[in-house]
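Q: Sequence:
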Amino acid sequence: MDSGLSLVSFWSLLACSLQLLAAVMLTHRCGGRGLGPDRWVVLWLFYDVIVHLTLEGPFVYMSVGGRTVETSEGPLAELWKEYGKADRRWLTSDPNIVSIEILTVVLDSLLGLGLIYAVLQDQFYRHFLQVALCVCELYGGWMTFCPDWLMGSPHLDTSRPLYLWVYLVFFNGLWVLVPVLLLVQSWFSLKTLHIGDRGENRKRK
1 MDSGLSLVSF WSLLACSLQL LAAVMLTHRC GGRGLGPDRW VVLWLFYDVI VHLTLEGPFV
61 YMSVGGRTVE TSEGPLAELW KEYGKADRRW LTSDPNIVSI EILTVVLDSL LGLGLIYAVL
121 QDQFYRHFLQ VALCVCELYG GWMTFCPDWL MGSPHLDTSR PLYLWVYLVF FNGLWVLVPV
181 LLLVQSWFSL KTLHIGDRGE NRKRK
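So the sequence shown is residues 1 to 205, counted in full-length UniProt numbering.
Honestly, I wouldn't trust all of these hints.
Heads up, simulated SDA-like pairs for lysine to any residue below, C-alpha to C-alpha not over 25 Å straight-line [said to hold, decoys possible]:
no.	residue 1	residue 2
1	K191	K85
2	K85	T71
3	K191	C136
4	K81	T71
5	K81	K191
Distance ranges between label pairs, derived from CB positions [as the list claims (entries may be wrong)]:
no.	residue 1	residue 2	range
6	W187	G36	17 to 25 Å
7	Y61	S153	21 to 29 Å
8	E70	L177	26 to 34 Å
9	E70	Q123	37 to 45 Å
10	Y125	L14	18 to 26 Å
11	G196	P154	50 to 58 Å
12	G196	P147	41 to 49 Å
Note that these hints are calculated values from the structure, not bench results.
Heads up, the beta-carbon is just placed ideally off N, CA and C, and yes, glycines get one too.
Modelling step: build the complete structure from the supplied sequences, incorporating the hints.
A: As structure tokens, then:
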């Protein structure tokens with residue numbers, strides 16, 4: 001079983017690393033160190049938005065108007081062609097995938113930017129946006145893979161560890177694990193606020 005990295009694989013993983021580095025720099029520049037544990041939330045949100053805009057945005061552009069990733073050229077097209085080795089639907093402008101990605105690029109990016117502001121400025125609507133974004137991310141992931149699973153996964157290639165564990169499990173799993181953790185955080189934060197409000201109301205009575 002061949003698990004070696006091709007040159008395109010290497011550059012694809014390097015591009016993802018640069019996106020993470022950009023998120024770290026933006027978090028530092030925006031005062032993330034003073035946020036306590038929430039600095040990790042802001043770091044994730046910057047990374048999330050960067051990926052949506054710089055990676056999935058071009059995918060949408062290459063997949064509408066009768067175009068496909070498979071017939072496109074350029075560095076980003078090559079990156080998506082590499083991912084398409086693991087999931088062929090990304091090569092052929094699958095309507096379900098493109099529809100989900102349009103919502104992801106537009107709606108999730110706006111929610112992510114709004115949530116970054118809300119966390120940095122300690123706005124009252126922070127957890128409303130956080131829950132909305134996490135639900136959107138999880139729903140997008142479910143609708144990306146569930147239809148294919150129901151058909152027996154005909155478009156997925158899991159023959160190489162790189163395709164299965166890095167492209168499919170790791171990168172897609174991040175957008176499951178982190179939103180779930182953020183939903184848990186919102187749950188306990190809202191619970192604490194509710195208990196605090198009830199305590200204040202009892203004192204007033």
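Q: Hint by hint, which ones does the structure fall short of?
A: Hint check: 1, 5 and 10 fail, others pass.
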